[in-house]
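Peer 1: Going down the list, the sequences are from chains L and B.
The opening residue of the first sequence carries number 1 in the numbering used here; numbering runs sequentially from there.
The opening residue of the second sequence carries number 187 in the numbering used here; numbering runs sequentially from there.
If you are wondering where the hints come from, they were derived from the structure by calculation, not from laboratory data.
Each hint should be verified, as a subset may be incorrect.
Claimed, not checked - Simulated restraints, written as ranges between beta carbons of each label pair:
1) L:128 x B:337: 38 to 46 Å
2) L:87 x B:337: 41 to 49 Å
3) L:30 x B:260: 31 to 39 Å
4) L:170 x B:261: 41 to 49 Å
5) L:54 x B:297: 39 to 47 Å
Even glycine gets a Cβ: it sits at the ideal position worked out from N, Cα and C.
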Amino acid sequence: MKKRITVIIVTVITLLTIVSYLIFQMLTDDQDIEEVIKQEFRSLGQYVENVYSIEYLDDDRVLIFYSWSYPEYSNLGVLELEKTWRGWQFVEAISNRIEIENAWLKGVYAEITDHVILRGTVTAAVEEIVLITDDGREYCPSVGKAERNMWYLILEDEPFEEATFILFDRNGEVIREEVLQFDLNS
Amino acid sequence: MNLSLKYRVLMIVVFAIFIGVFLYYYGTKARQEQAVAEELREYSYIAREYALDAIYKSTEFPVEVELYPSAHTEAILERWKAISDRYPELDYPEAAIEARDWIEVHKSFEDTDLLNGVIRKMYKDATVTSEGLGVSYITLLDYIFYQKYEASNIEDVVIDLGIEPSREEE
């Protein structure tokens with residue numbers, strides 16, 4: 001009799017654990033990343049925001065490039081989320097103030113968790129950017145479009161302090177070259 | 187089942203304690219969440235107003251946010267200091283600014299009557315009329331934080347007082 005009860009209790013507990021695990025999995029799999037991002041903006045208290053890009057580093061890590069604050073959208077944000085058993089969770093966020101008026105190109109250096117990120121605003125006509133560092137490396141930052149144009153680069157190599165940016169329009173014509181300096185201590 | 191009265195009372199007490207702990211835990215948690223949300227809102231507000239860079243390390247209890255001045259912050263502080271030098275009743279909290287305690291810094295703008303007094307004095311000293319322009323402490327804050335001249339003639343006032351260079355010199 002006692003043995004039977006023990007077996008029943010153990011079975012019920014095991015089943016409950018498996019079922020709740022599956023339900024959790026289902027809930028977190030179904031989580032709409034855009035909803036999660038909206039919720040994160042709300043908890044950061046950063047209203048009137050614009051998302052430029054959602055960049056998956058791998059299946060469980062994502063960087064969101066955005067700008068916030070009405071009306072200038074002059075605060076550039078980057079937010080890192082990680083997928084855990086509780087669903088997408090906040091890891092870190094960085095906001096940089098950038099002056100955007102009358103500038104072809106602006107940029108700022110930031111470190112978020114273990115990534116180096118360069119990002120900034122660029123004038124609306126620009127479709128593609130090539131940057132050449134002072135030590136001769138070449139990169140193609142992505143350009144995200146929303147309220148403004150934002151360029152960003154997730155850097156996996158050594159950071160650099162200066163780079164020449166070549167800005168192309170949609171016909172592939174060079175419209176401008178600009179040199180930007182980055183403060184690596186910021 | 188025929189439980190004795192003692193056991194029934196014991197069960198009810200245990201149950202009541204359980205419910206009590208549960209309610210206390212959720213009550214505390216809800217209050218904590220509210221406090222966290224308020225703190226984060228305040229950080230974002232201060233970051234926006236003072237043009238600060240912000241690093242959010244934790245958005246749960248305990249909240250961890252680091253704020254750093256940007257180039258634009260320096261311009262805000264310069265305008266503020268220039269007015270405070272002439273009108274010392276507008277406090278310029280140098281110690282808090284150096285300590286980068288921005289929430290403390292912002293307390294200088296809490297007293298709107300004092301700010302209204304400062305802006306009235308500025309117009310009086312500059313002998314510029316503010317009639318019909320609805321000038322108030324907001325005009326002063328708009329100037330200090332955004333260097334916004336519209337909807338008032340504050341530009342004439344700050345030029346006249348020597349806080350800003352005149353237009354020809356630019």
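Peer 1: Does each hint fit the structure? Answer for all of them.
Peer 2: Right, here's what the structure says about each hint:
| no. | hint | verdict |
| --- | --- | --- |
| 1 | L:128 x B:337: 38 to 46 Å | holds (41 Å) |
| 2 | L:87 x B:337: 41 to 49 Å | holds (46 Å) |
| 3 | L:30 x B:260: 31 to 39 Å | violated (47 Å) |
| 4 | L:170 x B:261: 41 to 49 Å | violated (35 Å) |
| 5 | L:54 x B:297: 39 to 47 Å | holds (44 Å) |
Comparing the model with each numbered hint stated earlier shows that hints 3 and 4 do not hold.
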